[in-house]
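*Asks:* Residue numbers (this note's numbering), protein chains in the order written: chain A, 31 to 523; chain B, 1390 to 2038; chain C, 106 to 209; chain D, 15 to 483.
Don't read these hints as lab results, they were simulated from the structure. In this text, all values refer to a predicted model and were calculated from it rather than measured experimentally. Check before you lean on any hint, since a few could be wrong.
SDA-like, lysine to any residue: derived pairs with alpha carbons at most 25 Å apart [as the list claims (entries may be wrong)]:
id, chain 1, residue 1, chain 2, residue 2
1, D, Lys162, B, Lys1559
2, A, Lys393, B, Ala1564
3, A, Lys140, D, Ser375
4, B, Lys1737, B, Leu1834
5, B, Lys1450, B, Tyr1393
6, D, Lys160, C, Leu165
7, B, Lys1602, B, Gly1904
8, D, Lys160, C, Asp200
9, A, Lys187, A, Ala497
10, A, Lys187, B, Ile1988
11, A, Lys187, D, Pro442
12, A, Lys100, D, Ser478
13, B, Lys1971, A, Lys481
14, D, Lys108, D, Lys407
15, D, Lys407, D, Thr274
16, A, Lys137, A, Ser378
17, D, Lys407, D, Asp474
18, D, Lys445, A, Glu141
19, A, Lys137, D, Lys108
20, B, Lys1780, B, Leu1929
21, B, Lys1970, A, Pro507
22, A, Lys460, B, Asn1938
23, D, Lys160, B, Ser1561
24, B, Lys1559, A, Thr323
25, B, Lys1462, A, Pro507
26, B, Lys1462, A, Ala497
27, B, Lys1559, A, Val385
28, A, Lys100, D, Asn90
29, D, Lys108, D, Val56
30, A, Lys393, B, Ser1561
31, A, Lys140, A, Thr477
32, B, Lys1940, B, Ile1692
33, A, Lys100, D, Asn82
34, D, Lys160, D, Ala105
35, C, Lys158, D, Ile204
36, A, Lys393, B, Lys1420
37, D, Lys160, C, Phe209
Looking from chain A toward chain B, a few residues come up when the C-beta cut is under 7 Å (computed) [unchecked claim]:
id, residue
38, Pro254
39, Thr257
40, Ile310
Even glycine gets a Cβ: it sits at the ideal position worked out from N, Cα and C.
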Amino acid sequence: MNLSLLILLPLLTALLILVSKQLAQIRVIGLVGSLAQLAAAGWLLKLYMAQRAAGNAATHLFESNTVWFKALNINYHIGIDGISLAMILLTSLIVVAGILVSWTMEKLSKEYFFLLVLLSMGAYGFFISLDLFTLFFFLEVAVIPKFLLIGIWGSGKKENSAMKLALMLMAGSALVFVGLMGIYYNTHTFDMVEIGKMGISLGVQKFFFPFVFLGFGIFAALFPFHTWVPDGHASAPTAASMFLAGISMKLGGYGCLRMAALMPDAAHSYSWIIILLATIAIIYGAFATMMQTDLKYINAYSSISHCGFVILGIGMLNKTSINGAVIQMVSHGLMTALFFAAIGMIYSRTHTRMVAQLGGLLKAMPFISTVFVIAGLCSLGLPGFSGFVAEMTVFMGSWQNPAGVYRIATVISAASIVVTAVYILRATGKTIMGPISDEHALLGDATWNEKLAAGLLIVGILIIGLAPFLINQLIMPTTDFLMINIDKTLTLK
Amino acid sequence: MSNYLYILWIPLLPLATFVVLGLFGRKYFAKTAGIIGTASLLTSTLLSFVAAKQYFFVDGKVNGVYQKIIALKYTWLQFSPNVSIDMGIIVDPISVMMLIVVTSVSLMVHLFSLGYMKGEERFATYYAFLSLFTFSMLGLILSVNIFQVYMFWELVGVSSFLLIGYYFNKPSAVAASKKAFIVTRFADLGFLIGILIIGFYGGTLDIGLLIEKFTSVQSPEFISITTASFLGASMLTWGLVLIFMGGAGKSAMFPLHIWLPDAMEGPTPVSALIHAATMVVAGVYLVARLFPLFSMDEAALTIVTYVGAFSALLAAVIACTQTDIKRVLAYSTMSQIGYMMFALGVSKNGGESGLGFMASMFHLFTHAFFKSLLFLGAGSVIHMVHSNEMKDMGGLRKLMPITHAAFLIACLAIAGIPPFAGFFSKEEILTAAFHENKLIYGVALFTAALTSFYMFRLYFTIFWSKEAAAKTHHHDAHNDHGEGTWTMKLPLLILAACAVGVGFIPFSQFITSDGAALETHVDMVFSIAPVALSIIAILLSASFYKSHNSKSDKAVAFFGGFYKAAYKKFYVDELYLFITKKIVFPFIGQPIAWADRNIVDGFMLLLANTTAKISTAIKGFQSGKVQNYALYFFGGVLALSVLFIYIWK
Amino acid sequence: MNEIPLTHILFVSTALFFIGMYGLFTRRNIITMLMSIELMLNSVNINFVAFNKYLFPDKLDGLFFSLFIITIAAAEAAVAIAIIINLYRSHQSIDVDDATEMKF
Amino acid sequence: MSSTIFILLRQELLLSLLIFLLLFIKIGKERSNESILNIINVLLFINLAAGLFGSSEGGAFNGMFTTNAFIVLEKNILNLAMLLISMQSYAWLKSHKQLAEFYLLLFTSLLGMFFMISSGNLLMFYLGLEMSTIPLAAAANFDLAKRKSSEAAMKLIISSAFSSGILLMGISFLYGTSGTLSFDILTAHISNNPMQLFGFLLLVSGFAFKISAVPFHLWTADVYEGSPVAVTAFLSVVSKAAVLFTFTSILYKVFTPIATVWYGVLVVLSVATILIGNLFALRQDNFKRFLAFSSIAQVGFILIGISGSSQTGSASLVYFVLIYVFSNLAAFGVVSVVSALTGKENISDFKGFYKTNPFLSWVLTIALFSLAGVPPTAGFFGKLFLMMAGAAKENYGLITFAALNMVISFYYYLKVVKAVFMDENEQPIQKLSIPVITKFAMYICIAGIIITGLASMVYDYIYSLSIGM
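Can you make the complete structure from the sequences, with help from the hints?
*Replies:* Now the structure itself:
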């Protein structure tokens, strides 16, 4: 299967949306398009598994390499391995859900759906590209739609949030760019596979790793560059928050992982900083969440804490922990998207996100409340949901790190699950349980599209939560390969 | 030996019930949910009895020793080549015993709830949650892998959370459910880290393998874990103590017990199931399951012993002062579990010295029945009086004879009066304690006396002490559902029968630390002391509470401050509140939240603002005067010349 | 008669150049400023001629160059004067400080 | 022989022909502005087309005039820009009395630029330079009635006269030290003796003035603000591009021996230019002034690209200029339409613009994104390739600085987008009816912005023609 399809489908959808006229038409096109993406992703998974089963041990499947800018040795080199495939699946799932929850978007609906689809295109492109320049290209493609989505359709102090988000992310990609330049002029190629083969000299790695890692780290809400997350998520319209937390923060995590695999020596020598920052992010994010009163802020801050696990997993640099990081990315994507969807549903009915003003919603809207609770339980890592699998894998992995001091980091991070329980239960207890106010008692429950969206995400969460061996089966071989790369240099030193 | 595979259905049936009722309950089974739940559970109960029969009497025993049989094992999540979470079913004496306990008690509760919860709006949901709990509890006891234990452990916690918070629009219930979950969650943190430690050194998470590796003193794993130490204690101690912390959380051992009394906010049958018979003994079960490991580490066992003993005493004292009947029962539960704990603590692994282990399991077994009986009895009392407070009750023995009888039997059982079940199990415990540790024995004895005192205090105030009766009578005239439906009476009768009967089971033949049968004999001389004490205590409370008089008030006055402290549960709750509300929130949460807005984010803003400031500061550069432009031009020329002709050439 | 060394001439031209520049920086009247620019250009002319005459007498590049400079200076002046006239129309003055509407 | 000259100089000749034609039109019988404009645009199109056919290599007037495929390409780009400008200023010129003069001035200046680009000799270069500058000063004053216009013209003529004085001084020193004016011979004599260096630096400052690099940029903003939009567009795109082309080729061809020196000069200039340009652009409200400063910042990036002093460098320069033509002219197109029809030129006037004029808003937005260097617009590639060229010198401090400054520039471009899309406004600019031809021009620009970037053959083609040093 030609991977470019993953870019062409959204592109086509976007163009169709541009030419279509009224809302009904637009959203149908959007839905069909996103479903097509989902189907494509699913089909891709099937093919991928078939290939692997057939014993195709190549690191990347469905590879295709076409020269783009010949003069600069820039190639449109695409291909997927288990990790990117997992990300692609995540993206496609969230896109469908996002389209569904914004079904009744009246204001400038054409532009809205257009931008959503564009954003998804950027994500797909990012995940499939094996050429650093292409990677960077798609990374930035995904930035501007966010700005517009938040700025135009957002709520609260949307302009500032949009500006802050755009600028911080741009700063991130600026750093990434410098790093890429460094890599390019020391290897004379942007091709990740080739670079992986030839390796980069230690000095170069040491100098440029901080650039790229920090750059991608900003996308992944690495402490202390996470401040765009709360405002951005809180101001964004529902679908946009879902995309932001569900997809675009994953761009960062994915990038960090790739960079760590690309410059393993540097990753090893800087791992203590990474772990430190991640640990701070985890516990700090958790405590900050505990103090929030706005549902969206609660989820945004908890995202900081959860993405900390991703970084932690990467920083620990062993197979299990990296597995955990990847699972956590997928899991957090689904979970947080679900959470934002639920919050959006509540907000669209009650017109408030303030915990204090809500209560007893379970009486009025049982379905939405159940969704909310499920999202909450998943985020506090309840067995049976994806969160548990991810976090436990990270813990197991990070405990295996030979350096004993890092166990302290692990313990601290593990402690965050208690804090998580506190704020999740606080939010649930105040909004879902307790006495309900009279005007809320009359509100209706979820509509079919919302139910469908939530259902999709929950299914995703449950699949990982109940049958983690499936996703493991997908990711493991890839991590194995990454580890070969990472450990090799360890012995070499 | 996979001919135990059918055991798989025992947990799966409740799970299926949960899924069905959870998804379609509200719509389709609003009325019939109870029947469905009970039916499916009845099946599992029968299955577990079949399993017990097969195991204990057919093929469990191989040359005199009951085997640990792994009926099923499936790798659920692979961490690394030999570290993985496996889902499986272990069949060994304690797990089978627990199967019996859980399913039958749960069945009783299901039955009882049919009447008790009749007409509830979320009837189906209630049964869904009950099934979820039963499933998780069964999964927990069948675990082969320590991480499997942890998972079901969490699930048990959450289902208890859901059931406590069943009356979700009652703030106190919500608060209680939150408290229960968070406290146990905190304990589970310890459990998790313990698992990480043990799993790391053991190189596996499989309980069987762990035991294998850590019980042989020469094995490299054992050496490495005992040599590695942190803050003076060996890693083994750390691991086990942390795991025990998890157990203490679930089993409401001091100081993690504070959630249990509040948990009584849930529907009474739930309390009977979760907070009396099954979930709260999970901690005991955990220690028992890992007992071979614990037995390798003296320090850990000592901690278990003293925590257990202290909790038993403390709870008993507090129980004497409470006025809410369910809270009294809750504290008695705590104290009984304390018994089980220290019984384990004083035990050794295998042989004669393994008596404590067997005693603890025995007590767990008997306690399950009479305690759930007590709760159900209390349930039907509350059902009638519509209040938990003792003062609203009295003289009910005429109105509800069956309940009265059942309750009396239960009280006698828990007080350890022969020939009731409690007597036998408690006897074994006392014997074990007597042989191992006199101090503990003393505590146990005193606690036993206290137990019978407060239990009969309860009994008399509910069923005798006259004049409140009139009020109730009158009150009762209006709603004459007497003792409720037969579905509510039947469980009482069955459990009562158990409370009398189970004591005669030759328990030591079946369940011992090493699986080999253990000869125990009830020593009449030895039993004199405890029995006598209990009887004295009963008479005392009779004189206090049988008929309303001022003796009790005198006693209160006599104890004064101590009574007050006990009544206030020794201010442990307040301490916790102080730590969270006065320390964690204002000194950790607030500052971080503030710092994030004002320092971290403020820094970013500062960057932006300084840029803006600079740009305004230098705007004079563009003065609009063409001559200045020319001047700057020339300045530029000079600067370049100086730089590149004299400095950088 | 001994001829004047190149340096003297260069000195003159340089002096002239900076006099012109000084005039440009200080005078307020735009016409005068224009004149001082002419001075600068002329100093350049002197340079060219001098270099040509002293160093490279065999070719006439410098000479031609100065010729062109003169012509272009004339053209420049023409346009400039036109603009200044228009400026006077709109501002009623040819003081450079009156034409500082656009700034910052 | 003579025929070859006609081929070599075909673009110049065509342009001179145009100029004469304009004179005839002027003295001929009265025609309606529309018809004249249409004729001119058609002619311009022919002029552009003519350049595209058949490249030619060689020199004329014994080396004074040299040309090759690359230079032809550069001239074509200028022609294209000229065509676009004239199409976009349709609305403004339609009602203008002296449109013939307007075109006369611009064409003359363009002709001057052509000669400057293909000059093989300092004298020729000087002539071309002046020929391109002086008419512009007049054109800047084209709104005779407006105070600002004449002020702008005055500032332009005075400061450019001053700069050419400096430039000439530099040339004279070069001549004095080498004894020649022709580039080929000059190269041999270039060394770093102080006098020559001084001459070189004076020359560079002359260039820096024309491309408005800091600190020689101060005239830019005022002139841009004052002059009519069309002239501003011409200044900011065409004249700047022409000078940049010349500057690069002279640096690469002539001053090769002192490459290290001018690398340093370029670094210093670019750092100053990017920083100051950005800082000033932050505060602007007048759209033309804003674009002026933003274009100053752009020049800073261009200088980084040039400093790479490789084939990539010159290729990226031309590539970027091509993109810059599209994006900047798209922006100016919108501004010129708006100012021609409503007289509003302030960013604050554009609040709520999207509600009334979605098409123009999108054009403006895409243009600004391209200027900011956001994918998938071509600006992204342009800017990145410039930086890549600069990074070839492995001077990562510079690259980091530039990359971070991109963030600042991002801020002010997004501020405009924010105004257009997000800000509320009681009386936004009313719905405008855009002349078809202008709309067409905008479509061309948008197409250019999209295609030039994604279709790599454009860059590869330019690269194949370009020469390093």
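*Asks:* Assess, step by step, whether the Cα of Lys160/D is no farther than 25 Å from the Cα of Phe209/C, and give holds or violated.
*Replies:* Judged against 25 Å, a Cα distance of about 20 Å means the pair holds.
*Asks:* Decide if the proposed pair is consistent with the structure: Lys100/A and Ser478/D, CA atoms, cutoff 25 Å inclusive.
*Replies:* OK: Lys100/A and Ser478/D at ~10 Å, within 25 Å.
*Asks:* Quickly compare the C-alpha distance for Lys1450/B and Tyr1393/B to 25 Å and report which way the hint goes.
*Replies:* Distance ~14 Å between Lys1450/B and Tyr1393/B Cα, so the pair holds.
*Asks:* Hinted pair, alpha-carbon criterion (25 Å max): Lys187/A, Ala497/A. Please report holds or violated.
*Replies:* violated, 42 Å
*Asks:* Verify the proposed pairing of Lys108/D with Val56/D, using a straight-line Cα cut of 25 Å.
*Replies:* The given pair, whose Cα atoms are some 16 Å apart, holds under the 25 Å limit.
*Asks:* Tell me if the straight-line CA distance from Lys137/A to Ser378/A falls inside 25 Å.
*Replies:* holds, 14 Å
*Asks:* For the pair we were handed, Lys160/D and Asp200/C, check the Cα-Cα distance against 25 Å.
*Replies:* Holds, at about 18 Å.
*Asks:* Given the hinted pair Lys100/A and Asn82/D, is their Cα-Cα distance within 25 Å?
*Replies:* holds, 23 Å
*Asks:* Quick one, are Lys1970/B and Pro507/A close enough, alpha carbons at most 25 Å?
*Replies:* Not satisfied, since the Cα-Cα distance of roughly 48 Å exceeds 25 Å.
*Asks:* Do the alpha carbons of Lys160/D and Leu165/C lie within 25 Å of each other, as the hint requires?
*Replies:* violated, 46 Å
*Asks:* Take the C-alpha atoms of Lys140/A and Ser375/D, compute the straight-line distance between them, and say whether it is at most 25 Å.
*Replies:* Status holds; Cα separation ~15 Å.
*Asks:* Keeping to a limit of 25 Å between CA atoms, is the pair of Lys445/D and Glu141/A held or broken?
*Replies:* holds, 20 Å
Taken one by one, the earlier hints fail for this structure at numbers 1, 6, 9, 13, 14, 19, 21, 22, 23, 32 and 40, listed in ascending order.
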